[in-house]
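Residues per chain, in single letters:
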Amino acid sequence: GEDVEQSLFLSVREGDSSVINCTYTDSSSTYLYWYKQEPGAGLQLLTYIFSNMDMKQDQRLTVLLNKKDKHLSLRIADTQTGDSAIYFCAEISDSGYALNFGKGTSLLVTP
Amino acid sequence: DSGVTQTPKHLITATGQRVTLRCSPRSGDLSVYWYQQSLDQGLQFLIQYYNGEERAKGNILERFSAQQFPDLHSELNLSSLELGDSALYFCASSVEGRTPYEQYFGPGTRLTVT
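If you read the sequences in order, they're chains A and B. The first sequence runs contiguously to residue 314 in this note's numbering. The second sequence runs contiguously to residue 134 in this note's numbering.
To be clear, the hints were calculated from the coordinates, so they are not data collected in a lab. Take these hints with a grain of salt, some might be off.
Here chain A is said to cover these stretches of chain B; the calculated rule only asks that three of the stretch's residues, wherever they fall, bring their Cβ under 8 Å from a Cβ of chain A [said to hold, decoys possible]:
{"id": "1", "stretch": "71-84"}
{"id": "2", "stretch": "124-133"}
Residues from chain B that keep clear of chain A, each with C-beta distances beyond 12 Å, as calculated [what the hints assert, rightly or not]:
{"id": "3", "residue": "Val24"}
{"id": "4", "residue": "Arg38"}
{"id": "5", "residue": "Gln57"}
{"id": "6", "residue": "Asp60"}
{"id": "7", "residue": "Gly62"}
{"id": "8", "residue": "Pro90"}
{"id": "9", "residue": "Asp91"}
{"id": "10", "residue": "His93"}
{"id": "11", "residue": "Ser100"}
{"id": "12", "residue": "Gly104"}
{"id": "13", "residue": "Cys111"}
{"id": "14", "residue": "Ala112"}
A short, non-exhaustive set of chain A residues, derived as facing chain B with CB atoms under 7 Å [said to hold, decoys possible]:
{"id": "15", "residue": "Gly245"}
{"id": "16", "residue": "Ala301"}
{"id": "17", "residue": "Phe304"}
None of the values given here were measured: they were computed from a predicted structure. Glycine included, C-beta positions come from ideal geometry on N, C-alpha and C.
All chains should be built: construct the whole structure from the sequences, respecting the hints.
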């Protein structure tokens with residue numbers, strides 16, 4: 204499948220905003236997803252965006268999609284220590300239903 | 021809690037052995053997906069079943085096989101295990117045919133091959 208790229212690590216202070224970036228290469232992707240994985244846990248679906256949208260807001264989360272540049276970002280407002288986790292960007296794969304994940308961005312929130 | 025259950029939580033076995041991982045999807049979900057998470061490969065899609073039938077295959081080795089039963093639970097069978105098969109194995113489920121194909125993941129089975 205195509206590669207989904209993410210930066211590996213991000214550190215922010217509590218109360219600041221976090222922005223996690225992702226680039227994808229499959230121009231036919233219809234949905235793009237953000238998942239969160241806490242230590243020792245499974246993946247939690249945070250939010251998703253349809254490819255004909257530019258932005259989606261859900262409480263503290265804002266997803267921005269630049270389809271021309273194939274760039275997706277997740278902004279977390281007022282980041283808390285409980286937001287420390289690995290965040291995965293994913294797109295629908297060539298098979299049509301399975302998810303093609305990036306390697307994940309490890310977010311560390313410091314007090 | 022996503023509603024997807026997986027057993028066992030941890031599994032330790034030796035090289036050359038065979039193991040079976042089990043997954044029960046969320047109530048009403050007909051699709052089951054298996055993913056492998058390892059440090060070097062990240063999260064990789066293995067295989068998908070929909071209502072008992074294989075729907076899509078990803079990077080699944082020939083030593084691995086899966087099936088989905090009439091009650092919709094699924095099993096992933098891993099045989100002739102190698103050290104490199106040590107990983108977290110996740111099951112996910114979704115309601116197919118209804119966008120946006122939200123997949124809900126179970127807590128995973130951590131497999132250690134010694």
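We went through each hint and held it up to the structure:
1. With 4 residues having a Cβ less than 8 Å from any Cβ of chain A, the stretch 71-84 of chain B passes the three-residue criterion, so the hint holds.
2. Closer than 8 Å: that is the beta-carbon criterion, and the stretch 124-133 of chain B has 5 residues meeting it against chain A, so the requirement of 3 holds.
3. At the 12 Å boundary, the C-beta of Val24(B) falls inside the reach of chain A, the nearest C-beta of that chain being 8 Å off.
4. Chain A leaves Arg38(B) outside its interface by the beta-carbon criterion, the shortest separation being 24 Å against a cut-off of 12 Å.
5. Non-interface status of Gln57(B) relative to chain A is broken: a Cβ of that chain comes within 12 Å, the nearest being about 9 Å off.
6. Asp60(B), annotated as away from the interface, has a beta carbon of chain A within 12 Å; the closest lies near 10 Å.
7. With a least CB separation of 5 Å from chain A, Gly62(B) falls inside the 12 Å interface cut-off, contrary to its annotation.
8. Listed as outside the interface, Pro90(B) is consistent with that label: its C-beta sits roughly 21 Å from the nearest C-beta of chain A, beyond the 12 Å cut-off.
9. Distance check for Asp91(B) against chain A: the nearest CB is about 21 Å away, which clears 12 Å, and the non-interface claim stands.
10. The Cβ of His93(B) lies farther than 12 Å from every Cβ of chain A, with a closest approach of about 17 Å, so its non-interface assignment holds.
11. The non-interface label for Ser100(B) is consistent with chain A: the shortest C-beta to C-beta separation is roughly 25 Å, beyond 12 Å.
12. The non-interface label for Gly104(B) is consistent with chain A: the shortest C-beta to C-beta separation is roughly 18 Å, beyond 12 Å.
13. For Cys111(B), the condition that its CB be more than 12 Å from all CB atoms of chain A is violated, with the nearest at approximately 9 Å.
14. Under the 12 Å C-beta cut-off, the non-interface status given to Ala112(B) relative to chain A is violated; the minimum distance is some 8 Å.
15. This hint holds: Gly245(A) has a C-beta 4 Å from the nearest C-beta of chain B, less than the 7 Å allowed.
16. Because the closest C-beta pair between Ala301(A) and chain B is about 4 Å apart, less than 7 Å, the hint holds.
17. Look at Phe304(A): its Cβ gets to within about 4 Å of chain B, closer than 7 Å, so that hint holds up.
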